[in-house]
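Engineer: This is what each chain is made of:
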Amino acid sequence: MRSRLESLGVHLPEREVSTADLIAAMAVTPMFDLEKLTGVKKRRWRADDDDSFTLALAAATRCLERSRHDASDLDVIIFTSITRFRNGMNFCAEPGFGLLLKSALGMREDALHFDITNACAGMMTGLQILDAMVRSGAVRCGMVVSGECITPITETALKEIRDPIDAQFASLTVGDSGAAIILEAATGNDRVEFVDLFAASKFADLCFGMPSDRNPGVAMYTRAMEMHAEVIQRLPAAMGFYAEKYQTDASQFDVVIPHQTSSRAIRSALELCEATFGKLPETCITLDRHGNTSSTSHFVVLDDYLRQGKIKAGDRVLMLVLASGIIMGVVAITVGELGD
Amino acid sequence: MGVIIKASGVSVVSQDSSIENAVQAARNCLEKAGIDGSQVDLLINVGIYRDDNIMEPSIAALIQQRLELNPDPVKADMQARTFSFDLMNGACGFLSAVEVSRSLLQTGVYRNVLVVGGDVHPSRRAAPGFPFASVGGAVLLGSVADDAQGFGAVQAHSRTENEYFGYFGQGAMEDFGVSGRQFAPIVLQPQFALQFSQRLSESVQNFLRRESLRPDQIDVLVTSPIEAGFPAQLAANIGLPASTHVIDIHPELGDPHTAAPMVCVNELMQRGAWQPGARILFALVGSGITTTCAMYRVPT
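Read top to bottom, the protein sequences are chains Y and C. Going by the working numbering, the first sequence opens with residue 1, and the numbers climb by one from there. Going by the working numbering, the second sequence opens with residue 1001, and the numbers climb by one from there.
Each hint should be verified, as a subset may be incorrect.
Stated by the list, open to error - Stretch-level coverage of chain C by chain Y, calculated; a stretch enters the list once three of its residues show a Cβ under 8 angstroms from a Cβ in chain Y:
(1) 1060 to 1071
(2) 1103 to 1117
(3) 1147 to 1157
(4) 1170 to 1183
(5) 1275 to 1288
Claimed, not checked - Taking lysine to aspartate or glutamate pairs in the DMTMM-like style, the calculated list, with each CA pair at most 20 angstroms apart, reads:
(6) Lys245(Y) - Asp1072(C)
(7) Lys1075(C) - Asp205(Y)
(8) Lys245(Y) - Asp1077(C)
(9) Lys202(Y) - Asp1072(C)
(10) Lys1075(C) - Glu244(Y)
Treat the hints as calculated values from the structure; they're not laboratory data. Computed from a prediction, not measured in an experiment: that's the story for all the values here. Here a beta-carbon is modelled for each residue, glycine too, at the ideal position from N, C-alpha and C.
Bound conformation, chain Y alone (with noise of 0.2 angstroms):
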């Protein structure tokens, strides 16, 4: 038995900040051109009210809206979000979100519920754990789900950044967002066809989000130029591997989702990809107007794009993985008939 991608739902906030409007609030000019270097023009901002749990339940909503689950049916909940903020810059260890997102939703007393943290790839782990509960039988249909209020780092390194190559850089980059899928058995073609992580964690100190210690607030420390050096040049070797072990190339795929870093480090990624897996497919990219929305960013795309018209059902898409840990892989779906 396979699982299939039922529905998908993400929430942006209203609110717009352009990349020139944050550079004009730096004390320091950063030596670069950041928004011609990162592609990042604009990211939403989360408004006063809002914080990891609200965004994800909109997200949530939107998404059981678009269902033809109700929130009755959902035998799991997998909360998967970096931040954890609530009842606004509350930092909230536990209880967990997703039991506070399973009784705002008015899911079942007995229905599963708990909180996976693993950087980027949170929304993709959460997808391989539902994907294997899906199929082993373990549960019918459940959600993964992620509120992602992450420009709490911005405002970090707004106030932080000294140095013209500081390693809170990355933080710059970063939008707020929720996302939330529903995974069922699959009956047709559209499914989820495989998914594949692994952490390289010889690197696991490449990347930090922790609390800051020269103001209140949280802050991510990014050891770029190592990341590009070393785990990047990573890529042909783990998908020649991966082209092997799924007998696959770019050819099987109508799209690729890259992780949205940045356009520059997108593109050199790609290409080391395409030295294994062959000539990649068109590339799905909303970080000019989204910024990288950390683990919900596969998902803001293929929402992006599926509205666009340009991924339409029977869409094979490949999603790379590339997240704090260093996690690693490869996730490849088929989609069916998505969206309202």
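Start from chain Y and add chain C according to the hints.
Structural biologist: Chain C only, in chain Y's frame:
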């Protein structure tokens, strides 16, 4: 397919680091299992309160790094890869990890799943008022063909009544100030132990009815060591006979929170109470209030 516990471990010389404690427990566990770290395909960390309040990467990835579980498979051997993630569900996280592992093991992709847990004050110092014992726990899960062996279905239940009850680990970032890496805002609501006990008793009784089990069919009880005597009280509430082995690690250790069920398993194995064929009831309770129950039959 049954999910079985192949080995268990604890942090022998516990430190004020959730990473260090989990690493120690994992090494202890793998040594007993007689397997090499490279054979671990999946690492799940169920700990909540962690060093420096790190939010990314997962604590599991940092533990995996320290344990050197296939740290660089692209350079070494892509056939031997380890995946890792954090799973958080308060004191019930261990059984959530079991339920997740059942499905992941069934896909045939994984053979050895290492589950670790444990909590520390984020400051990595002994902190007065931090309610949990800083101890790391680990178990190695695997599968057997016979589904009458090992863990049965995990039954979860939560009822919130618009109010979350129990441990409340929440605080305003503003109040964290510049010491956010040392901040653990934990509130224990008054009377929570009594409420946990009542709710868990109800859940266990429902669970036993659903599984058509009588109290006298339970050889061992593993529950959350909320306070000393909590396990005995639960055993009395659900009518377990005197012959049932009820483990209470609280008098000696306190409450190791997310690691507690794994520490209990390790203790039972050391005491010789983990006998082939034994039927073990896991009944966990945590914030929410959330309760989670499962039966485990020690493989014969």
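Engineer: Please go over all the hints and tell whether each is borne out by the structure.
Structural biologist: How the hints compare with the structure:
no. : hint                   : in the structure
1   : 1060 to 1071           : holds (count 8)
2   : 1103 to 1117           : holds (count 4)
3   : 1147 to 1157           : holds (count 4)
4   : 1170 to 1183           : holds (count 13)
5   : 1275 to 1288           : holds (count 3)
6   : Lys245(Y) - Asp1072(C) : holds (18 angstroms)
7   : Lys1075(C) - Asp205(Y) : holds (18 angstroms)
8   : Lys245(Y) - Asp1077(C) : holds (13 angstroms)
9   : Lys202(Y) - Asp1072(C) : holds (6 angstroms)
10  : Lys1075(C) - Glu244(Y) : holds (17 angstroms)
In this structure, none of the earlier numbered hints is contradicted; all agree with it.
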